[in-house]
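Peer 1: Once you have looked at the hints, place chains X and D on chain E.
Residue numbers (the numbering used here), protein chains in the order written: chain E, 316 to 604; chain X, 43 to 279; chain D, 744 to 1032.
Treat the hints as calculated values from the structure; they're not laboratory data. Ideal placement from N, C-alpha and C gives every residue a C-beta, glycine not left out. Just so you know, not all the hints are guaranteed correct.
Unchecked claim - If the Cβ cut is set under 10 Å, some of the chain E residues that face chain X in the computed set are:
no., residue
1, Arg-489
2, Val-492
3, Ala-493
4, Ala-494
5, Phe-496
6, Asp-499
7, Val-500
8, Phe-502
9, Glu-554
As the list claims (entries may be wrong) - Coverage of chain X stretches by chain E, computed from C-beta distances (three or more under 8 Å per stretch; other residues unrestricted):
no., segment
10, 127 to 137
11, 144 to 152
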Amino acid sequence: MELFLQQVLNGLMIGSTYAVVALGFSLVFSVMRVVNMAHPEFFMAGAFGAFLTITYVTRNVVGVLVGGMAVALAVGLVVERLAIRPVRGRYVMIPFIATSGVGIALQHGAERLFGSDPVLVPPVMPSVSYSLGPLSVTRMQLVTLGTAAVLMLALRYYVRNTKWGRATRAVAERPDVAAAFGVDVNFVSRLTVGISALMAGAAGVTIGLLYTSAWAFMGLLFGLKSFVCMLVAGNRHIEGVMVIGLLLGVLEALVSGYVTSTLRDAVAFGVLVVVLVFKPKGLFGSYDV
Amino acid sequence: MSILLRVTGLQVMYGPVSAVAGVSLEVPEGEIRAILGANGAGKSSTIKAILGLLKARAGTIEFEGRPIHRLPTHRIHRLGIAWVPEGRQLFSTLTVHENLEMGAFARGNGARFHAKLDEVFSLFPRLRERRAQVAGSLSGGEQQMLAIARALMAEPRLLLMDEPSLGLAPKIVQRLFEQIQEINAGGISILMVEQNARQALKIAHYAYLLEVGRLVGEGPSRELEASENVKRVYLGG
Amino acid sequence: MSDLLTFWTPVLITAGINSIIALGLYITMSSGPLSVAHAALAGMGGYLSAVLTTNFGWPFPVAIVAGMALGFLTGLLLGLLIVRMNELVAGLTTLGFGETMVVIAFNIDYIGGANAFTGIPMRTSLSLVYVVLAVVLFAAWRYDHSRLGIAARATRDSPVAAAAMGINIVWVKSFTFGIGAAIAALGGVLRAHYILVQGPEDMGFFISVGFLIFVVFGGSYTFWGPLFGGMALTILPELLRFSAKDRFIIYGVLLTVMVIIRPQGLITRVPTGAVPKGFGRRKRASTPV
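For reference, chain E alone in the conformation it holds in the complex:
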């Protein structure tokens, strides 16, 4: 029983980061009809940003988060300008290919800069563990979960309750009409990609700190699983993507703990195939492309 609960807890940690990355990806897709294949690179940029911040600036965890997110945001804005803005609104595979190209260039660029081997990210928290009854969780894991929770709640609040969140939803539905009521759609595009980059970057920082490593290709697997979350959940409700992300993390942890850890990475794709065969529009619906 304790093993089970511990695995569930660990799974929620990772799952919360899947959810955060998936939300950013899903946001850009819903608002701009663009599949940003470079999104995992925002995640990777966050981790390297954390590394750079720790090395040159500060070891304070908040500072590291800010530094990592800033690097991810910068990368995001560049990608938006070069590979998203010029192709927004075109036949959907074109942004898919364009952002794939930028993503690959970024990955290999990072490899050039930092080398092909993972870079050590020094820990910034004492490895203190807390016990919740029979379960234990480290401080870093709590920071990961906490950051993810804050980001998800902030996004939800932004989308539902703020003027620009409303404008973003309007642009997602009818960009022409939104523009006709004074919304600068180019700005919303930058804003949305920027938010997605900040979120993915934050997730990258926490994962980089949790596993004490940053690697040019770390975005790939994480990104793919987050894409799977979006596909399985459908993009109609952001809560759906959050839930699926958490569930995926838990499912992976359980498979890893009870069956075999080598198949962990295949869980996501297995689920994807099964769900898509029965519900091609995702569990909770949408994808109007």
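Peer 2: What follows is chains X and D alone, placed relative to chain E:
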């Protein structure tokens, strides 16, 4: 009386085809003017070109004396032009209230917003009842009211209305056009595109006749209503 | 003179193999779906042939056929799976498939697991590659003018119209996927028996995107496109002495730039000057009334 909107020699292409070929029109301050014509006549394209949603191949568009045909849509709106699109085009996943908030996007959310909201609800009381409902769940007539209300929230000087009667029952259309007159009486100039020429001519001061992208006639509504030609082509005999 | 040949032979062999796989991708994409699974399909062919020749002593020609058969069946199934999905979800599914194959290959020790399958007998020669390439080109030419090829392009350009004309879309899409996959597998077999090592990394998303760029860059309208793309993009980097890492950065940038500026690729005219019909036009801003 000053000319609020002046369009001269407008040409809009859709690929190799001319959607609008050399149309000129004016909307003096305080008037309701109508653009009449069948489907495909180029009426909506004219409206969209005024808004900057379609690029003009040639011609000029001036609002309050300023050329606006090179401006991006969101800036054109902020000069004081609001749109009631064809087919309503509400933000269907947003509530009635949120749609109205989007209408006032360029204006801000302060005290003026609430005052304007009250005004709009007095004009369309049914919307107040449905305020928290998602716009997609409203009936056809209510959606049209919301589309107009949304545009009014922008406190425009000029309202561009594209086929307001589309898909509505005749009794509702009648009441709707009375409301449009009330809006005009409140000081807002209106350029309306309509297939329902009969109703449009009843409330418009002046109208333009469009056929396949070209202007084929214009004049004060009384004259047009009396013209045999117009009666035959646009009013069904 | 023989020095020149020694240097260029490996490059030419690789270029030929890349063109073969690119042609397979071209055929798959001719009916619509964008696939980033072709590296995995090639790898599967390579693995099967390697095992059959090394462990069971099967003759090479039989192993080739076996590899192609595996490719065809897998492609057929994959095609069936994605036939009802919208293009985007389909593309992401091929991505998932490819990555799942990588994970599976990593975990099956029988075929070498993470250490790859080694000891494959050398069977590929320069002349073999170019004979096969010529055969595949001939097949592609016949395909383009065959009823299936025309039906495939009709399905890609307008599925609704194609169905109305009596074309069985499900069959066309899956069958072309299968054929394209078989050709990719053929390329994979040749590759495995040249490099003598078959590993999981060769099946991943990047490598698939590499083939995609051969088609996107070279031209997706006629079979001359992938031929040109495969040859040019394999030989040019050698000519310019780019290292492997830089090559991918360039591929990425090239992919993004090409798809934004000229999505139909460089070669759109058949050398006789005819222009085949195709797709890829910019979407219009709005419809007229």
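Peer 1: Tell me if the interface restraint on E:Asp-499 is satisfied: Cβ within less than 10 Å of some Cβ in chain X.
Peer 2: holds, 5 Å
Peer 1: So, E:Ala-494 near chain X? Judge it on the closest CB pair being under 10 Å.
Peer 2: With Cβ-Cβ at 4 Å, under 10 Å, it holds.
Peer 1: Any CB of chain X closer than 10 Å to the CB of E:Arg-489?
Peer 2: This interface hint holds because 6 Å falls under the 10 Å limit.
Peer 1: Count the residues of the segment 144 to 152 of chain X whose CB lies closer than 8 Å to any CB of chain E, then report whether that count reaches three.
Peer 2: Since three or more residues must qualify, the claim that chain E covers the segment 144 to 152 of chain X holds, with 5 doing so at under 8 Å.
Peer 1: Is the interface hint for E:Phe-502 satisfied, with its Cβ closer than 10 Å to some Cβ of chain X?
Peer 2: holds, 9 Å
Peer 1: Can we keep the E:Val-492 interface hint, with Cβ of chain X closer than 10 Å?
Peer 2: holds, 5 Å
Peer 1: Taking the closest Cβ pair, is E:Val-500 under 10 Å from chain X?
Peer 2: holds, 7 Å
Peer 1: Regarding the hint that E:Glu-554 lies at the interface with chain X, is the smallest CB-CB distance below 10 Å?
Peer 2: Interface hint status for E:Glu-554: violated (14 Å vs cutoff 10 Å).
Peer 1: Under 8 Å between beta-carbons, do enough residues of the segment 127 to 137 of chain X, three at least, approach chain E for the coverage claim to hold?
Peer 2: As far as the segment 127 to 137 of chain X goes, the hint holds, because 6 residues have Cβ atoms under 8 Å from chain E.
Peer 1: Does the CB of E:Ala-493 sit less than 10 Å away from some CB of chain X?
Peer 2: With a closest approach of 7 Å, the E:Ala-493 hint holds.
Peer 1: Does E:Phe-496 pass the interface hint, meaning its C-beta sits closer than 10 Å to a C-beta of chain X?
Peer 2: holds, 5 Å
Violated hint: 9 only; the structure is consistent with all others.
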